[in-house]
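Peer 1: Now for the letters of each chain:
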Amino acid sequence: MSLSVTEKSYLYNSLSSSPSVRPDGRLDYQFRAIEITTDFLTSSNGSSRIIASDGSECIVSIKSKVIDHTVLQPDDSLVEVTLDISGQRDDSPMVESISSLLREVYSKTIDKKSLTLTTKYSFKLYIDVLVISTYSNPISLISMAIFSALNSTYLPKLVSSFDDIEVEELPTFHDYDMIKFDVNPPLIFLVIIVGNNVFIDPALNESEIANNSLIITWNDNKISPPIRSLALNDTYCEGFKPQLLQRSMELVEKCANGITAMLQDDK
Amino acid sequence: MSRLEVYSPEGLRQDGRRWNELRRFDCSINTHAHTSDGSSYLEQGNNKVITIVKGPQEPPLKSQLDQTKATLNISLNITPFSKFERSKTQHKNEKRILELQTILIKTFKKNILMHLYPRTLIDIQIHVLQQDGSLLSCLINGITLALIDAGIAIYDFISGISIGLFNETPLLDLNSQEEIVMSSVTLGVVGNSEKLSLLFIEDKLPLDIMENVLAIGIAGAHRIKDLMDIELKRHAKERLLKQSK
Amino acid sequence: MNVQDRRRLLGPANAKPLTFNTLTTSNESDELKKTVLKNEALEVALHTGFVSNSNGSSLVEVKDVANSHHETSLITSVYGPRAIRGSFTSQASLNIQLKNGSLEKYSSSQLKEVGNFLTNIFKSVINLPRYAKSGIDIFIYLIYDKEIQSNEKSDSTNSITSILPHCITGITLALVDAGIEIIDMAAGGIYKGNVFAFIKSGEEIIGFWKDEGNREDIMNSIDNCKKQYDEYKNMMLTYLVDKENCKAN
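For the record, the sequence lines run as chains A, B and C. So the first sequence is residues 1 to 267, counted in UniProt numbering. So the second sequence is residues 1 to 245, counted in UniProt numbering. So the third sequence is residues 1 to 249, counted in UniProt numbering.
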């Protein structure tokens with residue numbers, strides 16, 4: 001969708017005025033409706049499918065593999081994230097930046113202890129993200145999909161002993177029983193700045209007139225790094241006042257707990 | 001009965017089916033109404049396939065423009081998590097994928113009334129979320145459903161089916177374990193007729209049993225066509241109800 | 001241009017291109033040595049206009065003992081505004097790429113992400129609508145980038161974050177050298193893993209990047225980063241004024 005110059009100017013004025021009016025009538029802290037399905041891929045340990053009201057859709061699969069963590073390099077992670085956005089090349093700036101950010105977020109926040117099996121072996125998690133269609137920046141949608149996928153992940157139950165330094169043995173697992181993977185995954189929010197106003201979860205038409213935007217990570221019930229500024233369009237890019245950074249973070253703090261609770265009890 | 005017996009003397013396969021039984025077949029159309037002109041979601045056994053049709057639309061590249069008929073483009077995305085064991089590569093531009101794409105394009109070029117849509121592009125995207133044997137036949141069924149949802153004129157249904165041959169016994173609709181141990185044929189059958197629009201054999205198959213194999217396959221394909229038809233009619237009825245409200 | 005543009009009417013075949021008298025330029029920029037500016041925390045060497053095939057270029061060498069604890073050297077070259085293939089665009093398209101030097105320190109996706117981030121920053125700095133139908137390409141070559149051995153524990157780890165302010169300085173200088181219109185001189189600062197890029201004497205933030213630390217640091221580090229922004233800006237201005245003076249004499 002491309003808007004004309006006058007349409008953009010109209011949108012800009014309505015969003016930057018006080019009180020502001022969003023094109024779909026939402027308030028500044030309100031999200032668009034989403035639909036989530038979890039646990040539909042039987043060959044994955046966890047999976048989720050999320051559809052936003054504008055038709056953006058994202059599918060996430062979590063698979064695990066037992067690896068020997070004693071041979072890992074210090075900066076090797078136990079979590080690997082791959083991203084495939086349908087219709088975009090793998091080396092396009094958007095795909096590269098988002099996957100680099102996701103790697104940064106999830107390799108740091110998922111606790112290594114929760115994946116450790118024995119003194120020698122660990123699970124390695126593969127988070128594969130497939131974005132089937134997207135209209136605006138999908139980062140927030142992806143993080144919600146990964147959140148619900150990780151929360152529906154079940155890993156095989158270990159039946160062999162924990163300490164295998166003395167006895168050389170491979171970890172063996174229970175035939176049927178699975179253990180729920182216990183994590184509190186981070187969420188990523190996108191906040192746009194228009195004039196002196198800030199809005200969460202921008203739709204495409206709002207992104208096209210944003211002066212600037214911020215990617216804010218929410219982990220462990222507080223705002224935490226990485227935080228980035230991001231330009232969503234070419235024409236309306238501008239600097240913003242430091243107070244707006246503060247207000248964006250307050251906006252995220254206002255709605256993050258609600259979103260987390262909503263995603264956790266979707267079953 | 002040993003655990004790895006493909007076909008037991010009692011006539012049962014590993015997953016409990018008899019030789020002429022299909023796997024669970026669940027399909028739905030118009031699943032991605034926002035993003036596409038036609039879409040389908042197909043579950044055939046443990047295969048899960050999303051098909052998205054965009055078009056007929058103006059082609060983004062001049063090279064894709066044909067003055068006399070539509071251009072058909074099919075891109076197949078096999079996700080790294082689709083098999084039980086996660087694959088390391090993204091599968092894009094693999095020879096196997098390119099070959100499957102060409103086979104699908106060749107099959108559907110003849111079935112779509114391409115001359116009705118000159119100077120346009122029909123773009124089909126397929127995402128394989130999970131696979132468990134007979135992939136090609138699943139893709140064919142998914143595309144047929146999505147094309148019908150898009151309202152693109154086709155001559156008839158094309159239903160895909162795979163048949164394997166185990167010790168002179170033909171087995172219908174193979175799963176991935178059966179596919180490894182026996183040679184198989186994939187058929188694309190046109191509607192309720194006995195016409196084939198695709199016959200794909202990669203292995204050795206004795207010629208004298210071929211007729212028998214084809215007969216079983218065509219019967220299976222007709223059943224799949226009926227199952228698709230039931231779902232399409234159910235969907236149409238539902239839509240009509242919504243409209244008349 | 002040897003590629004004929006088929007979208008335009010080119011006039012009669014015997015038409016001659018319009019030429020202006022060539023300005024007699026002096027080669028003083030070659031003689032100009034790089035200027036070294038110092039204060040107690042920062043040692044910066046700046047140099048511009050030495051990559052002859054580009055429209056503008058800059059060399060930034062920084063030894064930062066106070067904030068990022070890094071010794072960094074990078075070359076920035078600006079190509080453009082130049083014609084782009086394809087459809088009409090009402091404003092210039094900007095593209096910034098980073099390249100590893102001899103030390104293969106950063107992964108390619110990290111460099112792409114940083115390139116994308118810098119592009120986003122400079123979208124609000126360069127007067128892009130001034131250059132319709134054109135592209136501006138900026139390349140940053142990281143010659144070296146190493147951590148200074150310091151006794152006290154440095155608050156920033158060995159990440160790409162610490163070179164961001166130097167990249168911003170480099171690009172700004174190279175843009176000035178190329179004569180591309182910018183809204184203001186952009187510069188940035190780093191404090192406790194927070195990188196801020198400013199324009200308009202620190203009143204407006206144009207970029208923010210944070211990879212570590214916690215939320216409380218953010219607002220507190222703005223002032224520190226602003227101080228560094230002022231330092232960088234003054235250095236750039238001193239350098240540019242000196243250079244002009246050299247030319248004039």
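Fair warning: there could be bad hints in the mix.
Pairs of lysine-lysine, BS3-like flavour, derived with a Cα cap of 30 Å [as the list claims (entries may be wrong)]:
1) A:254 x C:192
2) B:237 x B:54
3) B:110 x B:195
4) B:106 x B:54
5) C:133 x C:192
6) C:105 x A:124
7) A:65 x B:54
8) B:237 x A:180
9) B:237 x A:65
10) A:124 x A:157
11) B:92 x A:124
If you want a taste of the chain C side facing chain A, the calculated C-beta under 8 Å gives, among others [claimed, not checked]:
12) 91
13) 99
14) 109
15) 112
16) 123
17) 127
18) 213
It is worth saying that the hints were derived from the structure and are not from the lab. Quick caveat: nothing in here was measured; it's all calculated off a predicted structure. Here a beta-carbon is modelled for each residue, glycine too, at the ideal position from N, C-alpha and C.
Peer 1: Give a verdict on every hint.
Peer 2: Hint-by-hint comparison with the structure:
As the CA atoms of residue 254 of chain A and residue 192 of chain C are separated by approximately 26 Å, the hinted pair is consistent with the 30 Å bound. Annotation: proposed proximity of residue 237 of chain B to residue 54 of chain B holds, straight-line Cα distance about 24 Å (limit 30 Å). With a CA separation close to 13 Å, the supplied pair residue 110 of chain B and residue 195 of chain B stays within the 30 Å bound. Taking the CA atoms of residue 106 of chain B and residue 54 of chain B, the gap is about 18 Å. The hint holds against a cut of 30 Å.
For the given pair, residue 133 of chain C sits about 41 Å from residue 192 of chain C by alpha-carbon distance, which is inconsistent with the 30 Å threshold. For the proposed pair residue 105 of chain C and residue 124 of chain A, the alpha carbon gap of about 25 Å is at most 30 Å, so the pair holds. For the proposed pair residue 65 of chain A and residue 54 of chain B, the alpha carbon gap of about 37 Å is over 30 Å, so the pair is violated. A distance of roughly 42 Å separates the Cα atoms of residue 237 of chain B and residue 180 of chain A; the hinted pair therefore is violated under the 30 Å criterion.
Using a Cα cut-off of 30 Å, the hinted pair residue 237 of chain B and residue 65 of chain A is violated, with the two alpha carbons roughly 46 Å apart. Between residue 124 of chain A and residue 157 of chain A the CA atoms are separated by roughly 15 Å; this keeps the pair inside 30 Å, and the hint holds. With a CA separation close to 24 Å, the supplied pair residue 92 of chain B and residue 124 of chain A stays within the 30 Å bound. Checking residue 91 of chain C against chain A: minimum C-beta separation of about 6 Å stays under 8 Å; hint holds.
This hint is violated: residue 99 of chain C has a C-beta 15 Å from the nearest C-beta of chain A, more than the 8 Å allowed. Here the hint on residue 109 of chain C is kept, as its CB sits about 4 Å from the closest CB of chain A, short of 8 Å. For the restraint placing residue 112 of chain C at the interface with chain A, the shortest Cβ-Cβ distance is roughly 4 Å, inside the 8 Å limit, so the hint holds. The beta carbon of residue 123 of chain C is positioned within 8 Å of a beta carbon in chain A (closest approach about 4 Å), and the interface hint is therefore held.
Because the closest C-beta pair between residue 127 of chain C and chain A is about 11 Å apart, greater than 8 Å, the hint is violated. With a least beta-carbon distance of about 6 Å to chain A, the hint placing residue 213 of chain C at the interface is held under the 8 Å criterion.
The earlier numbered hints that this structure contradicts are 5, 7, 8, 9, 13, 17.
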